[in-house]
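*Asks:* Spelled out from the first residue to the last, the chains are:
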Amino acid sequence: MNNIFVYCEISEGAKVAEVSLELLTKGRSLANTLNCKLEAIVLGDNLDGVENELSKYGVDIIHKGNDKVLFPYTTLPHSAIVCGIFEEEKPQIALMGATVIGRDLGPRVSSKLHSGLTADCTSLEIGPHDDVKTKTHYDNLLYQIRPAFGGNIIATIVNPECRPQMATVREGVMKKEEISNPTPAEVKNIDVKKYVTDSDLVVNIIERHLEKLDINIKDAHIIIAGGYGVGSKEGFDLLHQLADVIGGEVGASRAAVDAGFTEHARQIGQTGVTVRPKLYIACGISGQIQHTAGMEESAMVISINNDADAPINQLADYAIVGDVSQVVKKMIKYYKENTK
Amino acid sequence: MTKPLKIVVLAKQVPDTRNVGKDAMKEDGTVNRAALEAIYNPEDLNALEQAIRIKEKYEGTTVTVLTMGPPRASDIIRESIFRGANDGILLTDRAFAGSDTLATSYALSCAIRKINPDIVIAGRQAIDGDTAQVGPQVAEKLNFPQITYVENVESIENGIVTIIRRIENGIEKVEAKYPLVLTINESAPVCRPRNARRVLKYRHSKTATELQAESNDYICDVRGCRPHLTITEWGVADIDAKAEELGMSGSPTKVKSIQNVVFQVKDSKILTSSDNDVQDLMQELIANHTIG
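From first to last, the protein sequence lines stand for chains R and A.
Be aware that the first sequence starts at 1, since it is given in my numbering, and climbs by one per residue.
Be aware that the second sequence starts at 1001, since it is given in my numbering, and climbs by one per residue.
Any given hint might turn out to be false.
As the list claims (entries may be wrong) - Chain R is nowhere near these chain A residues, computed Cβ spacing over 12 Å in every case:
1. Pro1015
2. Pro1070
3. Gly1084
Said to hold, decoys possible - Simulated restraints on C-beta separations:
4. A/Leu1200 x R/Lys329: 50 to 56 Å
5. R/Asp258 x A/Arg1192: 15 to 21 Å
6. A/Arg1192 x R/Pro128: 31 to 37 Å
7. R/Glu263 x A/Ala1243: 26 to 32 Å
Said to hold, decoys possible - Straight-line alpha carbon distances no greater than 25 Å define the calculated DSS-like cross-link-like pairs of lysine-lysine that follow:
8. R/Lys188 x A/Lys1242
9. A/Lys1269 x R/Lys112
10. A/Lys1254 x R/Lys278
11. A/Lys1003 x R/Lys336
12. R/Lys56 x R/Lys193
13. A/Lys1269 x R/Lys15
14. R/Lys330 x A/Lys1269
15. A/Lys1177 x R/Lys90
16. R/Lys193 x A/Lys1177
17. R/Lys133 x A/Lys1242
18. A/Lys1256 x R/Lys133
19. A/Lys1254 x R/Lys112
20. A/Lys1006 x R/Lys333
21. R/Lys112 x A/Lys1114
What the hints contain is simulated information worked out from the structure, not anything from laboratory work.
Think of the CB as a built atom: it goes at the ideal place given N, C-alpha and C, for glycine as much as any other residue.
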C-alpha cells in the first residue's frame, strides 16, 4: 500500500517505452527516499518476459495485464484497469510518460480518482509543505516542478490531500539507469475481465500507419539547432550541410517548426525532445526557457546570433555575434581545411 | 443518413504566451496579464474548424461554443460566431477563480450536460498551461469515450464517427459511436477566417454584462427584438454545480511556489563572425575532440 506506481507504456514489438524505463529509474530513487516499494503496471499483448526488462530498473512488484484488447492502446480498457488497481492499492505517487498515451490516460484516471495531475514535469522531488490557509503541515509530498505560462515561470505544484499524486514526464527528461544488483520482481497477473467490460471496447482502431523514425536527435552527440532566426527552409539546408560535415543532427526550436522550416520530430524543448549532446550549436535561437529546458544540460553550447543580448548567449560557452548563414558557411569551410 | 448533430466546442481565451515581451513579468515575479494580448487558443480554432465542417456536411447540425473565463472572454464567442458557430455560452463566475484542470473540467462538464450534445470538440491543449488535461477530464466526467490528438473527422455515418488521429510516429484511423469527446491536434486543418456577412450580422452581439456596462437602459436595447444578438452567460447557479467541486476547493493541485526564470550566466566567450574567430574556434573544437 502507498507505494510508487509507474505506468509502463508498451510500444511495437512488446517493447517497454524508453520514457517508462526513465520513470522507473526516477521512481526507484523516489521510493528509496520515501522508503516504500516501486510497482509497475504494464498492459499489452504477448508480454512474455517483460518482467526481466523491468526488473533491471529496480521494480519490486509488476502488475501485468496480458490480453489482446490491451494492444494497441485505447483509452477505456487501460484507464479501467489503472483506476481499478489504484483504487485497490492506493499508491501515493503515480508517474506516466508525457506521451500521446500518457497524456490521454493520465487526465482520464486523475478525473475518475479525483486526484491532482501535473503535466510535463521537468523535475520531481520530495519535500515538506505548509498550507498557509489551513495551517496544515505535510511531510514527504511530491514536488512536481514544471515550466508554466509559456515557460516564463517555473512552478512547483503539490497535491496535499488527494492521492495518488500524479505526474507526467516527457521522454528524455529523466535519465535511465539500470540498478547494480537487480532481483526479479514479484509478478501479479491482472485479471483483465475483472476491470474491462464491453462498454470499454467502443473505440476501434481500424488502421495504423507507423512511420519509421529516421530522425533521432535524442542520441546525437552533436546537435546543430536552428531557430526562427534561421529564416527559411533553405537556411535549414545549410545547417544540414554543417551537420553532415561534422557528424551531427539538426534540431530546431518550436518557433522554427511552427514557421514550417523543418519537421516536428526535430523540435527540442519543453514541448519537444530533451537532449544532452556534447556539443550544441544554437543558430538563430533566442533562447526562451521552453527551448533551453530541453538543451541546458548540453556539455558545450555555441550560440550564433546577430543579437548580442539574446538570452541564449548566457548559456553559451561561445557566443558568436553575427549572421547565421555566414558563420555556418565559415564553420564548414574551416572544418574541412583543418581536418584534411 | 446522418441526423443533425448537436456539437459543443470548448474554447479558451489565453494570454499570448508565444509573444512575451519584457514587461510580461512584474517585479514581484508574478505574471502581468494586462501586458499580454488575449487571444483565441490556437488549437481551439482547429477544433472550431472541425465542428464547422461537420455542420456544413450534415444539415441541421448546430455548433455551440462554450468558454469559461472572465467577462471579456465573450470575445471568443463573437469570434467563433463570425467564423461559423451558431451561438455560444460564456461560463463566468467568481466561484470558478483558482480552478485547476480538474475543477475546470467539472464546471465545463456541468454546463455541457445542460446543453446535451452529441459530440464535444476541444483543442488538444491551451498555450498558457500546455497540460492537455481538460479534454480527457471532461470526457471522464460526462462518461463519454474520448479520442485525443485528432487530425481530422473523416465521416459520420449511422452514428459512427471515423477519425484520423496523429500519434507519435504515425497515424491511426479509429471509429466510435457518439457521444464522444474529441481533442484536436495542431496538425489539423487551420480554421477558416471570419465570414463578412456573419460579422455584419453579429458584430453587435453582447453578453448581458457587457450591455449593462455600456448602457443604463440596456433592457430597452434594440436587442430585445433581436435575440440572436444576446450571448448567453451562465454562472454557478445555472449549471447545477456543487460549490465544493469548484475553484480552489475543487482543485487537488496547489501551487507551492513560483519562480521567475533566471538564466544561470555562464562564463561565455564572445566571438565575432570574422574569419579568424571562426577558424580559431573550429581548430579548438577539433583539437579537443569535441568534433571530428
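*Asks:* If a hint holds in the structure, say so; if it doesn't, say that too.
*Replies:* Hint by hint, here is what the structure shows:
1. Pro1015: Answer for A/Pro1015: violated, closest chain R Cβ roughly 8 Å.
2. Pro1070: For A/Pro1070, whose nearest Cβ neighbour in chain R is about 17 Å away, the distance exceeds 12 Å, so it holds.
3. Gly1084: holds (25 Å)
4. A/Leu1200 x R/Lys329: 50 to 56 Å: holds (53 Å)
5. R/Asp258 x A/Arg1192: 15 to 21 Å: Because 20 Å falls inside the window, the suggested range holds.
6. A/Arg1192 x R/Pro128: 31 to 37 Å: violated (52 Å)
7. R/Glu263 x A/Ala1243: 26 to 32 Å: Distance hint for R/Glu263, A/Ala1243 is violated at roughly 48 Å.
8. R/Lys188 x A/Lys1242: violated (39 Å)
9. A/Lys1269 x R/Lys112: violated (53 Å)
10. A/Lys1254 x R/Lys278: Between A/Lys1254 and R/Lys278 the Cα gap is close to 37 Å, so the pair fails against 25 Å, i.e. violated.
11. A/Lys1003 x R/Lys336: violated (67 Å)
12. R/Lys56 x R/Lys193: The given pair, whose Cα atoms are some 29 Å apart, is violated under the 25 Å limit.
13. A/Lys1269 x R/Lys15: violated (45 Å)
14. R/Lys330 x A/Lys1269: holds (18 Å)
15. A/Lys1177 x R/Lys90: It is violated: about 33 Å lies between the C-alpha atoms, which goes past 25 Å.
16. R/Lys193 x A/Lys1177: It holds: about 22 Å lies between the C-alpha atoms, which stays within 25 Å.
17. R/Lys133 x A/Lys1242: Roughly 22 Å separates the two Cα atoms, so the pair holds.
18. A/Lys1256 x R/Lys133: Measuring from Cα to Cα gives roughly 12 Å; hence the hint holds.
19. A/Lys1254 x R/Lys112: holds (19 Å)
20. A/Lys1006 x R/Lys333: violated (62 Å)
21. R/Lys112 x A/Lys1114: Roughly 21 Å separates the two Cα atoms, so the pair holds.
Violated hints for the displayed structure, listed by number in ascending order: 1, 6, 7, 8, 9, 10, 11, 12, 13, 15, 20.
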